[in-house]
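Visitor: Chain by chain, the residues run as shown.
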Amino acid sequence: MEQSAKLPIPNTLSTPLKSLLVRWETFLLAVFAAVFIAFSVTSPYFLNVWNLSDATFNFTERALIALPMAMLIICREIDLSVASIIALASVAMGYVAQTGADVPLIVLTGITVGLLCGLFNGFVVTTFGIPSIVVTIGTMSLFRGITQGLMGNQVLRDYPFEFAFFGQGYVYWVFSFQFVLFLSCALLFYILLHRTNFGRRTYAIGNNPTAAEFSGIKVRRHKMILFAMVGVMAGVASVLLTSRLGSTRPAIAFGWELSIVTMVVLGGVNILGGSGTIPGVVIAAFLMGVVTFGLGLMNIPGIVMNIIIGLMLITVISIPVIMRRIQQHRSRHL
Amino acid sequence: MESTSPLFALRNVTKVFPGVRALDDVRLELYPGQVTALVGENGAGKSTLVKTMTGIYQPESGEIWYDGQQVTIRNPEDARQMGITAIHQETVLFDDMTVAENIFAGSYLTRGRFGNLDWKAMNRRAQEILHDIEAPLSPTAMLSGLSIGQKHMVAIARALSVDARVVILDEPTAALSHHEIHELYELVRRLKARGTAIMFITHKFDEIFAIADRYTVFRDGAFVGDGRIEDVTEPELVEMMVARSLNETYPKVEAPLGEEVFRAEGFSHPTEFADISFAVRKGEILGFYGLVGAGRTEIMRALIGLSEQARGEIYIEGQRVSVRSPADAVQAGLVYVPEERQQQGVMLDMPIYQNISLPQLHRTSRAGFLSTRNELAVARQYGERLNVKTSSWSELVNNLSGGNQQKVVIAKWLATHPRVIIMDEPTKGIDIGSKAAVHAFMSELVQQGLAVIMVSSELPEIMGMADRMIVMNEGRQVREFTRDEATAEAIVSAATGVRA
Numbered sequence: 003m004e005q006s007a008k009l010p011i012p013n014t015l016s017t018p019l020k021s022l023l024v025r026w027e028t029f030l031l032a033v034f035a036a037v038f039i040a041f042s043v044t045s046p047y048f049l050n051v052w053n054l055s056d057a058t059f060n061f062t063e064r065a066l067i068a069l070p071m072a073m074l075i076i077c078r079e080i081d082l083s084v085a086s087i088i089a090l091a092s093v094a095m096g097y098v099a100q101t102g103a104d105v106p107l108i109v110l111t112g113i114t115v116g117l118l119c120g121l122f123n124g125f126v127v128t129t130f131g132i133p134s135i136v137v138t139i140g141t142m143s144l145f146r147g148i149t150q151g152l153m154g155n156q157v158l159r160d161y162p163f164e165f166a167f168f169g170q171g172y173v174y175w176v177f178s179f180q181f182v183l184f185l186s187c188a189l190l191f192y193i194l195l196h197r198t199n200f201g202r203r204t205y206a207i208g209n210n211p212t213a214a215e216f217s218g219i220k221v222r223r224h225k226m227i228l229f230a231m232v233g234v235m236a237g238v239a240s241v242l243l244t245s246r247l248g249s250t251r252p253a254i255a256f257g258w259e260l261s262i263v264t265m266v267v268l269g270g271v272n273i274l275g276g277s278g279t280i281p282g283v284v285i286a287a288f289l290m291g292v293v294t295f296g297l298g299l300m301n302i303p304g305i306v307m308n309i310i311i312g313l314m315l316i317t318v319i320s321i322p323v324i325m326r327r328i329q330q331h332r333s334r335h336l
Numbered sequence: 043m044e045s046t047s048p049l050f051a052l053r054n055v056t057k058v059f060p061g062v063r064a065l066d067d068v069r070l071e072l073y074p075g076q077v078t079a080l081v082g083e084n085g086a087g088k089s090t091l092v093k094t095m096t097g098i099y100q101p102e103s104g105e106i107w108y109d110g111q112q113v114t115i116r117n118p119e120d121a122r123q124m125g126i127t128a129i130h131q132e133t134v135l136f137d138d139m140t141v142a143e144n145i146f147a148g149s150y151l152t153r154g155r156f157g158n159l160d161w162k163a164m165n166r167r168a169q170e171i172l173h174d175i176e177a178p179l180s181p182t183a184m185l186s187g188l189s190i191g192q193k194h195m196v197a198i199a200r201a202l203s204v205d206a207r208v209v210i211l212d213e214p215t216a217a218l219s220h221h222e223i224h225e226l227y228e229l230v231r232r233l234k235a236r237g238t239a240i241m242f243i244t245h246k247f248d249e250i251f252a253i254a255d256r257y258t259v260f261r262d263g264a265f266v267g268d269g270r271i272e273d274v275t276e277p278e279l280v281e282m283m284v285a286r287s288l289n290e291t292y293p294k295v296e297a298p299l300g301e302e303v304f305r306a307e308g309f310s311h312p313t314e315f316a317d318i319s320f321a322v323r324k325g326e327i328l329g330f331y332g333l334v335g336a337g338r339t340e341i342m343r344a345l346i347g348l349s350e351q352a353r354g355e356i357y358i359e360g361q362r363v364s365v366r367s368p369a370d371a372v373q374a375g376l377v378y379v380p381e382e383r384q385q386q387g388v389m390l391d392m393p394i395y396q397n398i399s400l401p402q403l404h405r406t407s408r409a410g411f412l413s414t415r416n417e418l419a420v421a422r423q424y425g426e427r428l429n430v431k432t433s434s435w436s437e438l439v440n441n442l443s444g445g446n447q448q449k450v451v452i453a454k455w456l457a458t459h460p461r462v463i464i465m466d467e468p469t470k471g472i473d474i475g476s477k478a479a480v481h482a483f484m485s486e487l488v489q490q491g492l493a494v495i496m497v498s499s500e501l502p503e504i505m506g507m508a509d510r511m512i513v514m515n516e517g518r519q520v521r522e523f524t525r526d527e528a529t530a531e532a533i534v535s536a537a538t539g540v541r542a
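Chains as they are written, first to last, in this note's numbering: chain A, 3 to 336; chain B, 43 to 542.
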């Protein structure tokens, strides 16, 4: 910490190579590469662009929500109601479609319902100061309950033909609309979190909400915006999913909230807030997608797949923690 | 020489961290029934020493002697069983448990062959211990309802429940009120009478002379000297600490007073304070003195829009401004350097430059997009002005010493070009060198035409730095003094409610 008075203090001291190696994203990428190679070797069907393209459908809808969710978790909040928002938005779209509405109106309905749900979550959390984990467990039941109450055991499937494009269409060659949309959103969220004032404030709040407030950041409004963004992306995901399935059932997207949170955590976002990156979350999404796809090719049943994904999460998360422990043990600093 | 031999001693102990010799061949002797004050600036190795004594760190070399035998303290449990306890501000206590539960946490009394917890016995024993140290607390009271001073008593009772023979008090008075400090002194005297060896770590010299029998001075991880407190004077101690003779007078510079920049009128809060009105002029340092709990911090928080229940009017340069959030306050040129640096002031896990640029991102950025280059430029400009000691501006604030963290907070606010800067206990818990730097800087600020409102519980600081001081007592402004008419006696009697 001592430096001579004459030399100016440098802006940064990082040694690029070393800091790159210890980054979580690098580690995840290595795991991804290892898994990718392993599947290429074990299954002859794996390295086929169309199969790989199909595989992206497994995760892009969830990954879309994981992007704003990462920011929300960095900001020390969480939204567990996202899967129920998808369901509610899907039902709304189903009924609007029944009236013979055209595609733009259906899409707008889905996204608007998502936005309203997100705003509702944000309002309750920021106005009454109730922990978001509690509020959104509540709204998870609430939104799903409304869906079930409205629909009963009905299936809504009166979607116009063109609506199928969002979930089934391709923009160019093997690149589906979903996949291109996800990559674009990933870029947008990357810029938002890592390149704008808004992103910096997100980190600041997650790091120390009190000091952030003292620093003149409008913490409540900020959180409100993040909840709204999660809601909107849940609405978008609902459009994609409903379009892909071509129908709405009450149990649509059931249980997705946990796989979304898993993606975020696997992506290196601290569940307690304050740190994490969009590239990490994107790599984690790809990793989960490729594992699910590869195991599917090997005819591994869904239950076993859950077990493997669970173990993967625990292992991948704990390796760096254990390594850090060993390192710290060797060099405890003041 | 001493009539008794030391109960606890370190000989030639060295603890090395990568790049730093945190403890370099140090020695320390603690005698039964005596208080040894450990003094040194931040970074002198005090906390490393405490951690070595309590088994958290293992020294690379050297000997630890306890009760006439050479020992190894392998872990905190070892230390606890040997009767070595440290009590510091962050002492782990459990807010949602009772006093007795806290006292016995981890070493519960049990009965029967299934090891059922024996609450009756624990409450009774807790009562005995509390009675012993004359702490007026009920064993079944919840900890969350106690003051910080009372929590210290619980921590001490906990130390006694395991028969501590060596008690380390690490800045125990930092957050205590005047009255509580006296109760703590009483407690220390009773511990002494029981033959406990006490190590007292503090930044406050009056405490050293009030309570200690012996002193030990560390500097930069090395032992500098020790001896009996009667044989040393305050300037001598300071000189040993900083190795340069330090003028204890404050770097006060009388700046020419300009027109009024800030005025607060009729500030009231349903429970904390009432009828607070004052004004500050350009180039003026206005001090707020009072005991802990007098409502000073609450007023400051209300001024920057952090108290929903408070009512009052703020005028900046004669213009009425509405301040309903810290964001409004910053906008109006009113900034607050908070008392709780780590909780309210800095983002510990963010780089220095991001901390400094945070309140004025709108200025360093372009159309909402970050400009690291501009941020670094601002950080460099203000960080250098405050002489923040760091190896790089991208260093995490967490890796800085307390004094340098405080400089980062001040730099952050200064960078917003404020007109009025409120400093709440600006030198609390920081080393003497940083303290002097902060004081010198305050003088520099007022010379440049800023107005400073300084809240302090340290009388010398208030009297040394303020041009004018307002004394608070139980939520009311009771007296106002100019620099010339202020005397220590008058200020203290006003603050304690004694009618002069």
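Since the hints were derived computationally from the structure, they do not count as laboratory data.
For clarity, every value in this text was computed on a predicted model and none was experimentally measured.
Any given hint might turn out to be false.
Stated by the list, open to error - Here are a few chain A residues that sit away from chain B, every Cβ distance over 12 Å (derived from the structure): (1) Ala32; (2) Ser45; (3) Asp104; (4) Ile135; (5) Gln150; (6) Tyr172; (7) Ile193; (8) Ala213; (9) Glu215; (10) Arg246; (11) Ser249; (12) Phe256; (13) Thr317; (14) Ile324; (15) Ile328.
To be verified - Listed next, the stretches of chain A that the computed footprint assigns to chain B, with coverage defined by at least 3 CB atoms under 8 Å from CB atoms of chain B: (16) 118-128; (17) 304-310.
Claimed, not checked - Under the rule of at most 16 Å between Cα atoms (straight-line distance), these lysine to aspartate or glutamate pairs were calculated in the EDC-like manner: (18) Lys470/B with Glu281/B; (19) Lys470/B with Asp212/B; (20) Lys246/B with Glu296/B; (21) Lys246/B with Glu500/B; (22) Lys220/A with Glu350/B; (23) Lys220/A with Asp370/B.
All C-beta atoms, glycine included, are put in the ideal place defined by N, C-alpha and C.
Visitor: So, for every hint listed, does it hold in this structure?
Guide: Each hint, compared with the structure:
Annotated as non-interface, Ala32/A keeps its C-beta farther than 12 Å from every C-beta of chain B; the closest such distance is 25 Å. Every beta carbon of chain B lies more than 12 Å from that of Ser45/A, the smallest distance being close to 43 Å; the non-interface claim holds. For Asp104/A, the requirement that its beta carbon stay farther than 12 Å from each beta carbon of chain B is met, with the minimum near 35 Å. Listed as a non-interface residue, Ile135/A keeps its Cβ farther than 12 Å from every Cβ of chain B; the least gap is roughly 19 Å.
For Gln150/A, the non-interface assignment is confirmed: its Cβ lies about 38 Å from the closest Cβ of chain B, beyond the 12 Å cut-off. Against the 12 Å criterion, Tyr172/A stays outside the reach of chain B, whose nearest CB is about 33 Å from its own CB. The claim that Ile193/A lies off the interface is violated: its Cβ sits roughly 8 Å from the closest Cβ of chain B, which falls inside the 12 Å cut-off. A beta-carbon of chain B comes within 12 Å of the beta-carbon of Ala213/A; the shortest separation is about 5 Å.
Glu215/A, annotated as away from the interface, has a beta carbon of chain B within 12 Å; the closest lies near 6 Å. A cut-off of 12 Å between C-beta atoms confirms that Arg246/A is not in contact with chain B; the least separation is 35 Å. Residue placement check: Ser249/A keeps its beta carbon more than 12 Å from all beta carbons of chain B (closest about 41 Å). Look at Phe256/A: its CB is around 36 Å from the nearest CB on chain B, clear of 12 Å, so calling it non-interface holds up.
Listed as a non-interface residue, Thr317/A keeps its Cβ farther than 12 Å from every Cβ of chain B; the least gap is roughly 26 Å. For Ile324/A, the non-interface assignment is confirmed: its Cβ lies about 20 Å from the closest Cβ of chain B, beyond the 12 Å cut-off. At the 12 Å boundary, the C-beta of Ile328/A stays outside the reach of chain B, the nearest C-beta of that chain being 15 Å off. For a cut-off of 8 Å, the count of residues in the region 118-128 of chain A with a CB near a CB of chain B stands at 0, and the three-residue condition is violated.
With a threshold of 8 Å between beta carbons, the proposed coverage of the region 304-310 of chain A by chain B is violated, since 0 of its residues qualify and at least three are required. This hinted pair does not check out: Lys470/B and Glu281/B have alpha carbons roughly 21 Å apart, beyond 16 Å. Distance restraint check for Lys470/B and Asp212/B: the Cα-Cα separation of roughly 14 Å lies within the 16 Å cut-off, and the hinted pair is therefore satisfied. Our distance criterion of 16 Å between C-alpha atoms is broken by Lys246/B and Glu296/B, whose separation comes to about 26 Å.
For the proposed pair Lys246/B and Glu500/B, the alpha carbon gap of about 10 Å is at most 16 Å, so the pair holds. Restraint check for Lys220/A and Glu350/B: the C-alpha separation of about 15 Å stays at or below 16 Å, so the hint holds. The straight-line distance between the Cα atoms of Lys220/A and Asp370/B is roughly 10 Å, inside the 16 Å bound, and the hint therefore holds.
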